[in-house]
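Visitor: When you get a sec, could you build the whole thing from the sequences and use the hints?
Protein chains in written order, with our numbering: chain E, 1476 to 1823; chain G, 1476 to 1823; chain U, -16 to 598; chain D, -16 to 598.
Worth flagging that the hints you see were computed from the coordinates, not collected in a lab.
All C-beta atoms in this analysis are idealised placements derived from N, C-alpha and C, irrespective of residue type, glycine included.
Warning: the hint list may mix true and false statements.
Stated by the list, open to error - To give an idea of the interface, some chain U residues facing chain D are shown, with a C-beta separation under 7 Å as derived from the structure:
(1) F302
(2) Y392
(3) A456
(4) E460
(5) R490
Stated by the list, open to error - Sample of chain D residues with no beta-carbon within 10 Å of chain U, all distances over it, derived:
(6) T169
(7) G416
(8) K418
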Amino acid sequence: MTTVDAQTGINKVGLSRADYKGLPSTLCQGCGHNAISNQIIAAMYELDVIPEKIVKFSGIGCSSKSPAYFLNRSFSFNGLHGRMPSMALGTLFADMTLKGIGVSGDGDTASIGLGQFKHLIRRNLPMVYIVENNGVYGLTKGQFSATAEKGLTLKHEGTNLFLPVDICLEALASNATFVARSFAGDPKQVKELIKAAISHRGVAVLDIISPCVTFNNKDDTIHSYVFGKEHEVRLHDLIFTPARDMLTIEDFAEGDTRDVELYDGSMITLHKLGTDYDPRDRQAAFKVLEEARVKRELLTGLIYVNPDEPSIFDLYKFPEKPFNRMTEQEIRPPSETIRMVNEWMFSA
Amino acid sequence: MTTVDAQTGINKVGLSRADYKGLPSTLCQGCGHNAISNQIIAAMYELDVIPEKIVKFSGIGCSSKSPAYFLNRSFSFNGLHGRMPSMALGTLFADMTLKGIGVSGDGDTASIGLGQFKHLIRRNLPMVYIVENNGVYGLTKGQFSATAEKGLTLKHEGTNLFLPVDICLEALASNATFVARSFAGDPKQVKELIKAAISHRGVAVLDIISPCVTFNNKDDTIHSYVFGKEHEVRLHDLIFTPARDMLTIEDFAEGDTRDVELYDGSMITLHKLGTDYDPRDRQAAFKVLEEARVKRELLTGLIYVNPDEPSIFDLYKFPEKPFNRMTEQEIRPPSETIRMVNEWMFSA
Amino acid sequence: MSQHQPDMISTSTPERQPVVNDFSITFCTVNGSGSATSNLTVLRAIFKMGIPVSGKNIFPSNIQGLPTWYSIRVNKDGFTARVEKDDIIVAMNPATFIQDLDYVVPGGMVLYSDDIKLTPTRSDLTYYPMPVKQLIRSIDITPQLRDFVSNMIYVGVLAWLIGIDMEAIRAALEYHFKGRAKPVETNLAAIRVAYDWAAANLQENHTYRLQPMKATEGMILSDGNTAAALGAIYGGVQFVAWYPITPGSSLPEALIEYLPELRMNKETGEQNYMIVQAEDEIAAIGMLVGAGWGGLRAMTATAGPGLSLMTEYLGLAYFAEVPLVVWDVQRVGPSTGLPTRTAQGDLTGVYFMGHGDTNFIQLFPGNMNECFEFGWKAFDIAERLQMPVVVLSDLDLGMNQWMGQPFEYPDRPMDRGKVLWEGDLDLFEAKTGKKWGRYLDVDGDGIPYRTLPGNLNPRSAYFTRGTGHDEYARYSEDPEVWERNILRLAKKIQTAKSYMPGPVIQRMEQAQAGIIAVGSTDAAVQEARLKLADRGIKTDYMRIRGWPFTQEVDEFVRTHERIYVVEINRDGQLRQILMINYPEQASHFRKVARVNGLPLSARWIIDEILSQEEK
Amino acid sequence: MSQHQPDMISTSTPERQPVVNDFSITFCTVNGSGSATSNLTVLRAIFKMGIPVSGKNIFPSNIQGLPTWYSIRVNKDGFTARVEKDDIIVAMNPATFIQDLDYVVPGGMVLYSDDIKLTPTRSDLTYYPMPVKQLIRSIDITPQLRDFVSNMIYVGVLAWLIGIDMEAIRAALEYHFKGRAKPVETNLAAIRVAYDWAAANLQENHTYRLQPMKATEGMILSDGNTAAALGAIYGGVQFVAWYPITPGSSLPEALIEYLPELRMNKETGEQNYMIVQAEDEIAAIGMLVGAGWGGLRAMTATAGPGLSLMTEYLGLAYFAEVPLVVWDVQRVGPSTGLPTRTAQGDLTGVYFMGHGDTNFIQLFPGNMNECFEFGWKAFDIAERLQMPVVVLSDLDLGMNQWMGQPFEYPDRPMDRGKVLWEGDLDLFEAKTGKKWGRYLDVDGDGIPYRTLPGNLNPRSAYFTRGTGHDEYARYSEDPEVWERNILRLAKKIQTAKSYMPGPVIQRMEQAQAGIIAVGSTDAAVQEARLKLADRGIKTDYMRIRGWPFTQEVDEFVRTHERIYVVEINRDGQLRQILMINYPEQASHFRKVARVNGLPLSARWIIDEILSQEEK
Ligand SMILES: Cc1ncc(C[n+]2csc(CCOP(=O)(O)OP(=O)(O)O)c2C)c(N)n1
Ligand SMILES: Cc1ncc(C[n+]2csc(CCOP(=O)(O)OP(=O)(O)O)c2C)c(N)n1
Ligand code: SF4
Ligand code: SF4
Ligand SMILES: [Mg+2]
Ligand SMILES: [Mg+2]
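Guide: Below is the structure:
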């Protein structure tokens, strides 16, 4: 359901797929992160996003390098390990019409970055926050991250004895308003979720299992391709329809689907698979996560969404003009005021 | 149910209550933190704890000062803001026969310290971790902490627009093995919970609402005395019985109580109040927390316990002798070995 | 009722001339008791009388119940530095009563609450027990307010004893209570009761007297943090992220107070700034890096521990060339140190902050007016150089009240530095004949041009990182590229010199030595110089206001063989920085440094210099 | 088949003497391709032949697919520094093939894979295309292994060309594969195939030859990080907390590898140490502070960004007097910088780390053996002084293989410093006549006695804090108490001098200048000095091994008027530290500093000194 001209490959904003690309990836061949970059490219292209309206953020890690490999025409800041959220917040206030896409790793988010991650969610900053979760530190050559499965053995590190951090559960506990899990080996779902995420009012957390083929891809480990392929359980099949396409929305048999309307009028259509899961039910979300953990399933899909919760931008009244385009006249109080200020200072 | 000699006031290890005291408090009169210090003193005295077997830790804040006001005969380290957990971990490895009591504040734990707090829990270090939760930064004079209620207005800071961090929910999400909430205005419960906590195998998190009478004690705010008194809902009444006293355990009407046996054989007896709450059920714990939040109740009691999960000390094999008493002979490999080591180095 | 403890000391006050407008009073109280209002009222009333005055609060790191001292120095010549002895003490705290007496000059006066039943240890002082409880009972107030208002008793007694003008007191109270009549009247009533009691019961003692002057006419009274916040508002601050810490907090709290007044559209309620209380200092500085990169004027205020936490992010800001402003309101370190006491101990720490080769631009405001001025100027410098700027204030300057000239509106337009918007990219290429590159130094000053997120020109975007990059912001590990870039960053420091505020230099004829200082020690140094001159030691004085040092600094250093570097730290940090910058003159610098939590006194500086001069 | 691209260059090799045991080879590959095994095999085989050799890996900050260079220098005189040109390159990476040729000396040799179809640009080199694919096909291995083993082809060809001993190669492989026959034989087979092919098809060219020596007899080969880990194990390390970061990681990873071997009870499986991979560097250093306070020998290893994050906690450790050891394996900063390249850029950052007056004890190992030695010694110093010790190694030293003498067992018993257990408290009081106080300086050396948690003596407990405290560990804001304490901490630095390793000084007769350096530049400086002497410039050389400086350092500085300070950073950080420590001699020091990610070459040092000598 895209608006791309089939002949020219040009989308509604006049751009071709190439306009959404990045530099050639320097990640390992087969790395899950590359698959995700490709879906970001596809999603933005199909959604007719103007690349200049996106700002990319990342921490440090193989995953955090990946913003270099998509959306060359967007500004990007590859910051510090674990501290991307704060940086993103500052930048997005510079121009509140921009949308942020943050890419992080499991080490970056769940080890060093857990505090910032959770405080970002608490502030509900409108941005997409992708965790490319491989259970391992790729860039420093294969140490355990905090999402590594208990019992995992790695070459130089021995065996991990601790329970993993569950990114989705953490997000939920912090009152996240959009929480999804996906799998780099399930590109279609990744793409639809990214589309939905970018249309969400606040922070959208995507925990995407993204195998590290070099350091953590043994078939029986939960972050591997083979495990994912074998154990993925989709909560639903999901299709995103942007607000402007609402007329063309496909028809599904009544009762088969569940719709979630996002704040901007766009729609996520969920095709039931098995039970009728309502992603607006926070308690249910806690429950399915716990159950999946016990069953050692890779549960994917939109786990929780609250489309209406105000974002941090909604909590204040701001002018329409981006802050970073304000002139001296707008931000320096006029000279008359200095007299008044001096009077405030108990002037004698 | 204590073993203190009623006449002399001397407990089983030959100490009087005074031996458990600290310096006079320099906190404000009426501060909830003082009430908690008193219950720590009482619990340790009644449990016949040898004060030298306790090490106290804290971060920075009014709350974090309080270790100075109890257990003068225990070592104590008042460290850095938000970073007490790491320090405690290092120290407790120095002598694994010691038990740690950490005192933190809501700013210390939920704002700056969220990451360390959660990683401490993940490691299940055997210690009591008390959050003296007043929703505010006391020591820096009344700014919002991350547990401040949404809508709270403070003198210099305006109104808090963000949802609070729920310490108990965070602990649960991190797979904590002992999670309780209490109220400084409910000293008996505080004391019993502290007793149980100190007997727990791993980390025991106590989130104690502890009003700041100077900066956040308006009657209608959730961290105030009045609110607590009016809205406290106990999950159960609870009594702790140390292992050695098991013979003297009181008899309760069958069906009225639920017992939880801790790893060391001691027992927590829960008297039902209303529903029969099972603190070993993690899903139930998520649920009651969520319900209490919605109802704006101050839910107190033992929210979750898993008495059997191994602590970090149980995951390795350590000698019995404390590390910090090991001699040179024990920790420096013998001189013969150097030859072998050099051979490992491709010696030519 | 007499002003002496009847049974212990001689009643004969030594005959002497009244001391007019030149003495010091310390109020010894416990914190959390509401004494701050009384003390400030005295300070402001004296200021209102036209007499130069300064006040310093020596307070504990807790909230309630520990000893606190508030010292007011009245000085007709305008000396505002701390003095080591008091002429008058108002001793309200039994816990410190006996020690407090030690700090009174012989012949000094002691006002105290008559429920302190201790026996004074000194017979050379005049004692004035005050029946605080009794007097307060005679006033019609609610019991809750009683404790607070009781502090007004000593204001009244003091007013009578040294001659504080009642109208000036009223003005001070009206200011304090923002004109609300009720508290003004209640407090005034207490003061009057005490005043009348004093008039009726105490013997006149003209040892210390206030006499109205006109020396403060047109001046204002402010703490440095408020001044800095206001300056920043005139600097167009757009983004503030902070984490509470003493003595930094009151700066962002002043922003919270004044930004809505000065920068919110009264009609629409729209604000063109954002203030975030971050979860810690790493997050605060991270937000600034994001905002500064995004093109906002971004600032924070912090103190030692917070600054240390910012180390990693500040390194990124330096290297990725992100403008932002950090106010470090210094307190005593290392570590948590003495959180409520003043120092100048972060100079070398900031200079060399972080791993790798960094240098941070530093500004050193020396008084409340410079706090205001650097409040806006820091942004100009940061944006011009695309670098973080650290402003080193301190607790004494930041949290105490200082007299000063009225704040001056910025004397120049904002310098937003080299920013290219959509259309500018073509102009850039036309003008330079080069494709724009984020790190391309076309002007030869080390400073490249930057674009900002939101720029819709498809050629404007670039990739920012903390790793090696070439002129076009492309990732690079090439040795030459690295070296070229890092040397360009060093060149920016050279360029910076022409944007830095120069030193303030005061000379004496035939000066035999120099003095260098920064920041809040100015008052003490000024006083010391005059008194040293009286003792025959003439000095030239340079107060440095920033690093990198300007040419005037070079010149001063070169032309003085013996330079005393006065500062509040253990290791002589400013001296160390000077030695590094002037190796040829490194042996010129002499250390006059100490740190004990208190502002330096002129007395100590004089003694130090005298003893070194003798060598 | 010939060794030249037939149609492009003259086949006449310039006549010259064979160069024996004095040349440099660079392997140009892509990372993640398994070339590391081949390169190390060559290095080790040459070492096994008794010939002095060194190897340096110049690798990218990613995991797979980017250019990597591994340079081996063979030098009969034992010079191990980096050289700027190669005699031989093994060019396996088409992406860099053309540039790589630029780095070959005239007349040099180029081995390359014949599937690189590029046309070489230089005609003064001898080319050896190798039919890698074809040869590998002739060996019986699984397709998965094929890529890895193909790198052995160039080992075989090179072996034939320069004369690497086959037995030495086998020894190297056996070491690498820990004796596992399968991979040894597979790899050897590939090497043999290539060797035989070369023998059959290539023309003999004796330009560069290896000749067995006995120069490495009894020596070992190790990287500095492994050496440091082993040294720490002999230092009795008990607690390790770390967070992965290049180039620090391999140090704790060596601890993970070797601690179980050396410090686990084989029968019971009990370990008397603990290693924690922390959630970040703040947690890692926090754990060390806890452990060090608890009486454990605690250490971490990190690099720039991690070190910056440790700033606040290190300030606490300094102030609360907690012993611990931090290995900072330096890489290029500021910020993320060049994570896989070497530098010495954290010297001033560490010296002045954090807010307030701090000074951190620094150790500078200059070679792999000193990594081992400081591995244990750092604990003695830290515990003796009750202070953190920062050991500044670097990527070149830490991650590259270096020849050295065998590790020496510690020559002295452990120094656990002043610790009092249960019974000691009475002895203390009997001996000193004073009640024990945690911060009481009874010995006059600034170092107090400490007790440890677990001590059951009821008088042993004390309260530790980062705030002001008196001799008895009681909270204090008293100005005198603060000053006394902070000056005592400064005294510890004086005391430290007698526990620090002195410098290594090498003199020449009639030296006209001095050279000072630290750490891994030693090899380049040594070589430069000899060559400078040949050009008539005689130098004395002092390699400093720690700060605070010992008396020998004072002496050297005082007795040399012109001292070149050689270091790998932009700002001349060691020189800055020297200037601060020796203001009287500050003008003696000349800057010989650069940073571009590469180890310094002797060539560059010579040129720098020559050009300054000429001035
Ligand atoms: C403060 C700091 N500490 C450590 C590092 C080293 N480091 C670089 S990437 C990384 C881990 C990345 O892991 P993850 O976020 O899971 O990303 P992945 O490489 O697996 O995609 C670490 C520890 C760093 N850059 N900064
Ligand atoms: C790194 C750092 N930042 C800021 C501070 C200042 N500070 C001291 S206590 C405190 C907040 C304490 O709040 P909380 O933990 O809730 O304790 P409370 O005083 O309310 O008991 C802060 C921000 C500090 N000491 N260190
Ligand atoms: S190391 Fe792992 S995470 Fe990194 S690029 Fe390779 S496969 Fe991806
Ligand atoms: S300020 Fe609040 S938290 Fe601090 S001591 Fe007073 S009442 Fe307690
Ligand atoms: Mg990862
Ligand atoms: Mg609090």
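Visitor: Now tell me if each hint is right for this structure.
Guide: A quick look at each hint next to the structure:
1. F302: holds, 4 Å
2. Y392: Not OK, violated: Y392 of chain U not within 7 Å of chain D, min 34 Å.
3. A456: Violated: closest Cβ of chain D sits about 14 Å from A456 of chain U, beyond 7 Å.
4. E460: Check passed: Cβ of E460 of chain U comes within 6 Å of chain D, closer than 7 Å.
5. R490: Since chain D brings no Cβ nearer than about 25 Å to R490 of chain U, farther than 7 Å, the hint is violated.
6. T169: holds, 33 Å
7. G416: For G416 of chain D, whose nearest Cβ neighbour in chain U is about 28 Å away, the distance exceeds 10 Å, so it holds.
8. K418: With a cut-off of 10 Å, K418 of chain D remains clear of chain U, as the shortest Cβ separation is near 23 Å.
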